[in-house]
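Asker: Protein chains in written order, with this note's numbering: chain E, 2 to 131; chain Z, 2 to 131; chain V, 2 to 131; chain X, 2 to 131.
Read the hints as simulated data drawn from the structure, not as lab findings. A portion of the hints provided could be inaccurate.
[What the hints assert, rightly or not] Distance condition first, Cα-Cα at most 30 Å in a straight line; then the derived DSS-like pairs of lysine-lysine:
{"#": "1", "chain 1": "E", "residue 1": "56", "chain 2": "V", "residue 2": "9"}
{"#": "2", "chain 1": "Z", "residue 1": "9", "chain 2": "E", "residue 2": "9"}
{"#": "3", "chain 1": "Z", "residue 1": "56", "chain 2": "Z", "residue 2": "9"}
{"#": "4", "chain 1": "E", "residue 1": "56", "chain 2": "E", "residue 2": "9"}
{"#": "5", "chain 1": "Z", "residue 1": "56", "chain 2": "E", "residue 2": "9"}
{"#": "6", "chain 1": "V", "residue 1": "9", "chain 2": "X", "residue 2": "56"}
{"#": "7", "chain 1": "E", "residue 1": "86", "chain 2": "X", "residue 2": "86"}
{"#": "8", "chain 1": "X", "residue 1": "86", "chain 2": "V", "residue 2": "9"}
{"#": "9", "chain 1": "E", "residue 1": "86", "chain 2": "E", "residue 2": "56"}
{"#": "10", "chain 1": "Z", "residue 1": "86", "chain 2": "Z", "residue 2": "56"}
{"#": "11", "chain 1": "X", "residue 1": "56", "chain 2": "Z", "residue 2": "9"}
{"#": "12", "chain 1": "E", "residue 1": "9", "chain 2": "X", "residue 2": "56"}
{"#": "13", "chain 1": "X", "residue 1": "56", "chain 2": "X", "residue 2": "86"}
{"#": "14", "chain 1": "X", "residue 1": "56", "chain 2": "X", "residue 2": "9"}
{"#": "15", "chain 1": "Z", "residue 1": "86", "chain 2": "E", "residue 2": "9"}
{"#": "16", "chain 1": "V", "residue 1": "9", "chain 2": "E", "residue 2": "86"}
{"#": "17", "chain 1": "V", "residue 1": "56", "chain 2": "X", "residue 2": "9"}
{"#": "18", "chain 1": "V", "residue 1": "86", "chain 2": "V", "residue 2": "56"}
{"#": "19", "chain 1": "Z", "residue 1": "9", "chain 2": "X", "residue 2": "86"}
{"#": "20", "chain 1": "V", "residue 1": "86", "chain 2": "X", "residue 2": "9"}
{"#": "21", "chain 1": "X", "residue 1": "9", "chain 2": "E", "residue 2": "86"}
{"#": "22", "chain 1": "V", "residue 1": "9", "chain 2": "V", "residue 2": "56"}
{"#": "23", "chain 1": "X", "residue 1": "56", "chain 2": "E", "residue 2": "56"}
{"#": "24", "chain 1": "Z", "residue 1": "9", "chain 2": "E", "residue 2": "86"}
There are 4 protein chains.
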Amino acid sequence: MLFSVDEKDPRPLYEQIVMQVKAAVVDGRLSVGEILPGVRELADGLGVNLHTVHKAYQRLRDSGIIDLRIGRRARVAARTPPAGKREVDRTIMRRIEEIAADAALLGVSRQEFSRIVERAVAGKLKGAPS
Amino acid sequence: MLFSVDEKDPRPLYEQIVMQVKAAVVDGRLSVGEILPGVRELADGLGVNLHTVHKAYQRLRDSGIIDLRIGRRARVAARTPPAGKREVDRTIMRRIEEIAADAALLGVSRQEFSRIVERAVAGKLKGAPS
Amino acid sequence: MLFSVDEKDPRPLYEQIVMQVKAAVVDGRLSVGEILPGVRELADGLGVNLHTVHKAYQRLRDSGIIDLRIGRRARVAARTPPAGKREVDRTIMRRIEEIAADAALLGVSRQEFSRIVERAVAGKLKGAPS
Amino acid sequence: MLFSVDEKDPRPLYEQIVMQVKAAVVDGRLSVGEILPGVRELADGLGVNLHTVHKAYQRLRDSGIIDLRIGRRARVAARTPPAGKREVDRTIMRRIEEIAADAALLGVSRQEFSRIVERAVAGKLKGAPS
DNA sequence: GTGGTCTAGACCACC
DNA sequence: GTGGTCTAGACCACA
Chain E
2 MLFSVDEKDP RPLYEQIVMQ VKAAVVDGRL SVGEILPGVR ELADGLGVNL
52 HTVHKAYQRL RDSGIIDLRI GRRARVAART PPAGKREVDR TIMRRIEEIA
102 ADAALLGVSR QEFSRIVERA VAGKLKGAPS
Chain Z
2 MLFSVDEKDP RPLYEQIVMQ VKAAVVDGRL SVGEILPGVR ELADGLGVNL
52 HTVHKAYQRL RDSGIIDLRI GRRARVAART PPAGKREVDR TIMRRIEEIA
102 ADAALLGVSR QEFSRIVERA VAGKLKGAPS
Chain V
2 MLFSVDEKDP RPLYEQIVMQ VKAAVVDGRL SVGEILPGVR ELADGLGVNL
52 HTVHKAYQRL RDSGIIDLRI GRRARVAART PPAGKREVDR TIMRRIEEIA
102 ADAALLGVSR QEFSRIVERA VAGKLKGAPS
Chain X
2 MLFSVDEKDP RPLYEQIVMQ VKAAVVDGRL SVGEILPGVR ELADGLGVNL
52 HTVHKAYQRL RDSGIIDLRI GRRARVAART PPAGKREVDR TIMRRIEEIA
102 ADAALLGVSR QEFSRIVERA VAGKLKGAPS
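With these hints in hand, go ahead and build the complete structure from the sequences.
Answerer: Structure (structure tokens):
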């Protein structure tokens, strides 16, 4: 099974699923056009309710990550060009600043932080735009 | 007023306040020992409920960012040494990986991502450990 | 091939086919009495299931757009006079109001909307009643 | 009660609610900042389940029509500038073409169609951009 | 009090 | 078989 959920994680179950699918797409474990497990199947595998998986899949469809339509199995969607570049960049920056602040307060130096970022990105983005 | 809340930001109001105090401490606008605005005062200034500010201050106290005792004004706490280094690093890395995945799916290349990280960190960490 | 299906279009496949046949009849690419592709032939060409094309053809027959009898090829039916004029107009108006609302919420002005409508109609209704 | 649902309408209940809220915003019956009925309250009023209204509200939030956050009542959001103009226009045009084809097949002439469009738009867009 | 999540089970539409 | 909708009722998090 590619995916799993963690009861102790404070994030909603459906969001954990969303995140893991995204990660799998980005690092190449799932390629464009590849089929995802069915909602019932994945729900069984994860030990969660059908609707929880369903909600995750709908979010992924709304984000353009997967093709999801009634009667057909879910598939990884073809990449679509981004809309507002500026807006995207600012959103990402805000999220990074937040983590950077937390890191600093936890005693992580700027150098250590940079190293962590590099390690996090390296080898994790096989499916990402170069 | 140092702080503000954003109606459009989907995060809880108390979390926005927590984040802004953290940011202010990290970038040096608030130094160790400095007093924070009173709960009522800040609630008025932000146009939010007393409970909301109170909750934010409690979270900040729980994180060791501020000293908060009844009858006394809130102050920025002295930095305390980090507990589990390994654990801290892994938590940060997980959060960065998540953002990196979102960025990749939004069409941001690895190079652009690195540049955004640098810009986010630079000049924002005056109060951070070097 | 006159027709095609779009994987990204959220509408059911059979509905896409229905719509394209309607469009072809209206703009004159298909005339009254002209034969349509066979069910198997079209299903192959589109890469969809036989059932899907079959369902589309049944809907078209139910709407009086085509003649469909067992053992004979499907043909574009002769135009039949409308049943309830008032009812028809109101249905169309309701659907337009819905689009107009979406357009307005997406920042399209009334003038722009009118221009889009004109462009959409112009040159697309060669087979329509004048 | 501003809203209602129709059992005979083939569209999902939650979508009917979404549409009606949009219409109310566009024609000025709901202004920016105005509060919407609570999910439970509206569900009672419409005779539907709480979750159905909840889903409608979440869709409206995802579309940027309303501000919706835990603990606070739902409000009509401030208008936000559109992202991709070209894409928006094409989507609208496609939907109009579809209606135009249906209209033509139902015996509506081009002139009648234009008149219907004008009537549909006139007086219905008080809250729309001019 | 508000919205948000999860479970459970029924039934429908599409392929 | 697939996903999509609706109902029902419990419990949680925010304000």
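Asker: Now, for every hint given, state plainly whether the structure supports it.
Answerer: Right, here's what the structure says about each hint:
As the CA atoms of residue 56 of chain E and residue 9 of chain V are separated by approximately 19 Å, the hinted pair is consistent with the 30 Å bound. Between residue 9 of chain Z and residue 9 of chain E the alpha-carbon distance is near 29 Å, which keeps this suggested pair within the 30 Å criterion. Using a Cα cut-off of 30 Å, the hinted pair residue 56 of chain Z and residue 9 of chain Z holds, with the two alpha carbons roughly 20 Å apart. Between residue 56 of chain E and residue 9 of chain E the CA atoms are separated by roughly 20 Å; this keeps the pair inside 30 Å, and the hint holds.
Only pairs whose Cα atoms come within 30 Å are accepted, and residue 56 of chain Z paired with residue 9 of chain E is accepted, the gap being roughly 22 Å. Annotation: proposed proximity of residue 9 of chain V to residue 56 of chain X holds, straight-line Cα distance about 23 Å (limit 30 Å). Of the pairs offered as hints, the one joining residue 86 of chain E and residue 86 of chain X holds, with about 15 Å between alpha carbons and a cut-off of 30 Å not exceeded. Using a Cα cut-off of 30 Å, the hinted pair residue 86 of chain X and residue 9 of chain V holds, with the two alpha carbons roughly 20 Å apart.
A threshold of 30 Å between alpha carbons decides the hint, and for residue 86 of chain E with residue 56 of chain E the separation of about 27 Å falls inside it, so the pair holds. Using a Cα cut-off of 30 Å, the hinted pair residue 86 of chain Z and residue 56 of chain Z holds, with the two alpha carbons roughly 28 Å apart. For a cut-off of 30 Å, the pair hint linking residue 56 of chain X to residue 9 of chain Z stands: about 19 Å separates their Cα positions. Straight-line distance between C-alpha atoms of residue 9 of chain E and residue 56 of chain X comes to about 26 Å, which keeps the hinted pair within the 30 Å bound.
For a cut-off of 30 Å, the pair hint linking residue 56 of chain X to residue 86 of chain X stands: about 27 Å separates their Cα positions. Our distance criterion of 30 Å between C-alpha atoms is met by residue 56 of chain X and residue 9 of chain X, whose separation comes to about 20 Å. Restraint check for residue 86 of chain Z and residue 9 of chain E: satisfied, since their Cα atoms lie roughly 21 Å apart, inside the 30 Å limit. In summary, the hint linking residue 9 of chain V to residue 86 of chain E is supported, as the alpha carbons are separated by about 22 Å, within the 30 Å threshold.
Between residue 56 of chain V and residue 9 of chain X, the direct Cα distance comes to roughly 22 Å. Compliance with the 30 Å bound is thereby established for this hinted pair. Pair hint residue 86 of chain V plus residue 56 of chain V holds up; C-alpha atoms about 28 Å apart against a cutoff of 30 Å. For a cut-off of 30 Å, the pair hint linking residue 9 of chain Z to residue 86 of chain X stands: about 23 Å separates their Cα positions. A C-alpha spacing of about 21 Å is found between residue 86 of chain V and residue 9 of chain X, which places the hinted pair at or below 30 Å, so the restraint holds.
Using a Cα cut-off of 30 Å, the hinted pair residue 9 of chain X and residue 86 of chain E is violated, with the two alpha carbons roughly 43 Å apart. Under the criterion of a C-alpha separation no larger than 30 Å, the hint pairing residue 9 of chain V with residue 56 of chain V is consistent with the structure, at around 20 Å. For the hint pairing residue 56 of chain X with residue 56 of chain E, the CA-to-CA distance comes to about 11 Å; that is within 30 Å, so the pair holds. Between residue 9 of chain Z and residue 86 of chain E the alpha-carbon distance is near 19 Å, which keeps this suggested pair within the 30 Å criterion.
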